[in-house]
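Undergrad: Please arrange chain B with the ligands on chain A, whose structure you already have, making use of the hints.
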Amino acid sequence: MSKILVFCESANGNIKSSSLELITAAKASGHEVVTCLLGSEATSLAPSSGNYGATSSVVCSDASLDAYNSDAYFNALEAIIEKVAPTIVLASGSAPARDVFPKLAAKFDSGVAADCTSIEFNGDNVKLSKPLYSGKCIADVDFQNSKIQFVLMRPNQLPVGEADTSATATVEEVALPAKDLRVLIKEIVQGASKRVDLTEANIIVSGGRGLKEASNFKLLEELADVIGASVGASRAVVDAGWVDHSMQVGQTGKTVAPSLYIACGISGAIQHLAGMSSSKVIVAINTDKEAPIFQKATYGIVGDALEVLPVLTEEFKKIL
Amino acid sequence: MKILVCVKQVPDTTAKLVTKADGSGIEERGFKWVMNPYDEFAVEEALQIKKENAAANITVVTLGPKARVVDTLRTALAMGCDEAALIDAPAEADSYLTANALSKFIEKEGGYDLILTGKQAIDASQSCVTQMLAENQGLAHANIVSKLDLGAEKSIVERDLSGGAKEVSEIPAKSVVGANKGLNTPRYASLPGIMKAKKKPVNEVSLSDLGLSDSDSKTKLSAYRMPAERPPIKFLDGEAAAQTSELVKLLREEAKVI
Ligand SMILES: Cc1cc2nc3c(=O)[nH]c(=O)nc-3n(C[C@H](O)[C@H](O)[C@H](O)COP(=O)(O)OP(=O)(O)OC[C@H]3O[C@@H](n4cnc5c(N)ncnc54)[C@H](O)[C@@H]3O)c2cc1C
Ligand SMILES: Nc1ncnc2c1ncn2[C@@H]1O[C@H](COP(=O)(O)O)[C@@H](O)[C@H]1O
Chain A
1343 MSKILVFCES ANGNIKSSSL ELITAAKASG HEVVTCLLGS EATSLAPSSG
1393 NYGATSSVVC SDASLDAYNS DAYFNALEAI IEKVAPTIVL ASGSAPARDV
1443 FPKLAAKFDS GVAADCTSIE FNGDNVKLSK PLYSGKCIAD VDFQNSKIQF
1493 VLMRPNQLPV GEADTSATAT VEEVALPAKD LRVLIKEIVQ GASKRVDLTE
1543 ANIIVSGGRG LKEASNFKLL EELADVIGAS VGASRAVVDA GWVDHSMQVG
1593 QTGKTVAPSL YIACGISGAI QHLAGMSSSK VIVAINTDKE APIFQKATYG
1643 IVGDALEVLP VLTEEFKKIL
Chain B
2 MKILVCVKQV PDTTAKLVTK ADGSGIEERG FKWVMNPYDE FAVEEALQIK
52 KENAAANITV VTLGPKARVV DTLRTALAMG CDEAALIDAP AEADSYLTAN
102 ALSKFIEKEG GYDLILTGKQ AIDASQSCVT QMLAENQGLA HANIVSKLDL
152 GAEKSIVERD LSGGAKEVSE IPAKSVVGAN KGLNTPRYAS LPGIMKAKKK
202 PVNEVSLSDL GLSDSDSKTK LSAYRMPAER PPIKFLDGEA AAQTSELVKL
252 LREEAKVI
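Residue numbers (this note's numbering), protein chains in the order written: chain A, 1343 to 1662; chain B, 2 to 259.
The following block holds chain B by itself, in its conformation from the complex:
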């Protein structure tokens, strides 16, 4: 059984980001790059499937600028993935190009029996690649999954819906499944794992190997800017009664939100 896990490298959640003066992007310094948090759940799920199924082979793939994204592949290898592939592409690759490149990569490698992703990359919060990749591959998908019971032909998944509701559904075992928090508890890479990961080869692929090019994105981001400064805070003085009556008045008359 061949499992593919798609992971994206994103800035650490505590990163303080600054946009470039010319608005062309963010300054890529002063923070750590990490694996997208939802993709950690996808990697962990693959490892747990492998524990039950010794014949399983896990490939982790990422698309991005090779100099930096290789670290995220090393992390996944150190967690226990068997093989790693890197699709070298500019950071500007959009959901469309990413999903197409991943799909062409899958065809080139002869297909996988299960494809795991994260429900969303926390950089642009698109939440699109999972579904687009599924469509490119002609597969069903289940996104925002908090439980996966993999069967031979069919799997049972639990998806998180709005307002805390859950949907239990049956999908073909060969599908694209997008992981949510709650699916499992991702492990940390062990020290021996980290040492071993350093020696594992990384299969490098260019966009042109896949018949694609940098200019195949369908959306383009520009004019990166910091959010507008908020006006200074108004503290409300006095006892609770005075504070709350003033607050209600301001919400109604000044902010007009009530």
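Same shape as in the complex, but just chain A:
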């Protein structure tokens, strides 16, 4: 039996569901599952990773790890990987994980499969599949001669198991290696949005030029508040300066795969579809019945988004 190390991240005082997905998948493989957590909440959260199947957890609870620093995360995780000696390392594709794990893979002379959407275990080997060319096709990924198999999974792709609160993980602490940091974080400028990042969102409402003007994005914000969604946009409205670039979905924006994507006044250009066509359910609201977005959509409303959106928001309020 080999060891799978699962990197767990937290939000609002809990282990993120994108991390629980990975513990669940790792547990089902029959291998020993060890989790790791960083930062001042690590020690208190680590035992609960056992609820989903981890037997033990290795933490580095140094408060300097509460914010991401590529050098500090690297040093802490390198020490943890050395201690655990896993054959497989799983992490969800959050921004910090996508930044640091490739560097660790190079350190351990190993390969990385990033942006994966499904995972299978064959003995000590892991087999993934991932979208290529922004979802225009899909392929399988296998490792060959890799000391450790580093896997970065897209969030929201796998089920989270039932929590068994009687099972907890034992916790062991490692000290943050005392090494000089080459990278010094001077300032974090918070974004306008308090919502979950698009790449991790379970529901996205997205607007395009069909919303007519920037101020109409408030209709999307109101809907997003009611259904707990994040707000995205097409490049046309980002370029027009209506919304921030961080909200752009598509080939040169973010690639997203939520359970539900609601596209309002978006034509569905190939570069936009490239960023969202692997969403589970797609709703399109557009005045033009011929708009390409309808070819990808699960449900379509031919109509004026400015008129439909407020009614839709009210309709959701009735049930939520």
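Treat the hints as calculated values from the structure; they're not laboratory data. Remember, predicted model here, so these are calculated numbers, not experimental data.
List of simulated lysine to aspartate or glutamate pairs, DMTMM-like, C-alpha gap at most 25 Å:
id, chain 1, residue 1, chain 2, residue 2
1, A, Lys1554, A, Asp1567
2, B, Lys51, B, Asp83
3, B, Lys148, A, Glu1529
4, B, Lys250, A, Glu1649
5, A, Lys1660, B, Glu247
6, A, Lys1638, B, Glu247
7, A, Lys1425, A, Asp1413
8, B, Lys200, B, Asp89
9, B, Lys257, A, Glu1656
Ranges of calculated distance between the beta carbons of each label pair, as one might list FRET restraints:
id, chain 1, residue 1, chain 2, residue 2, range
10, A, Gln1486, B, Leu192, 43 to 49 Å
11, B, Ser216, A, Ile1661, 52 to 58 Å
12, A, Lys1425, B, Ser214, 29 to 35 Å
13, A, Ser1344, B, Arg69, 38 to 44 Å
14, A, Ala1370, B, Glu93, 28 to 34 Å
15, A, Ala1370, B, Gly26, 29 to 35 Å
Idealized CB from N, CA, C, for every residue including glycine.
TA: Just chain B with the ligands now, with coordinates in the frame of chain A:
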């Protein structure tokens, strides 16, 4: 000052791709190959640094099948890069092999003072080579960078974080920096630039020159296939009130996503 810019050739964003019947890859026809869009920002950044710093010398390097990737080097030369190098390797080279080959190439050429990359190649969306190359070179890195203020010893970079947040950090001037959209506005190659680029030499290197081979990849892609067809769309009829109440019902009871 020597600057290295790493660029990858990828299918044009509008390309309609078809997988091969045997699943071994994509059909390499019916579309244009272009420079990875994020790498254009890296090239432009190098050119802007050179504008402030006449002594700077910019080398552009790409790894891939030589017959096609040479065009992307020509594009970079036409934009204004000084020198070009091509590491001839099969399209299957993974992030591990690519980062190792780039690193060995850098050692062979005696090192660079700044290495620029794109934040991600849009083919496999790995977003790995920047960080792996940095580690192979023992350097710090900053990826997803939308502002670079290069200093003599230290640089200040702005990185785009989740949810529109930005991080301002200080890194050694000699680092690997991965460009995001917003860093600058890439120029188009001028006609004289294109003419001049045709005459510039391309330094060709094989994997074996670097002590590597085709089989050094650690990951392998197979079973290329088209995504599953989506079921046909359901249009919702009637006025807004009827359409939306039907939609909410379907999302809840049929799709079970609410
Ligand atoms: C290299 C490259 C990269 C690109 N990357 C991206 C990317 O990452 N993301 C991206 O989105 N685009 C990208 N694009 C741009 C893309 O080609 C399209 O131009 C863009 O997506 C169009 O945005 P849109 O759908 O908002 O606008 P439009 O195409 O103008 O569509 C507006 C839609 O709104 C509908 N409409 C009008 N009025 C209403 C109304 N009242 N109610 C409802 N519907 C209405 C119209 O019927 C139309 O379908 C890229 C392009 C290139 C060349
Ligand atoms: N084959 C390659 N040749 C040169 N540079 C590359 C190659 N592959 C990746 N890179 C560089 O690394 C960046 C990140 O690529 P990736 O890790 O593949 O997403 C790209 O934007 C390029 O700058």
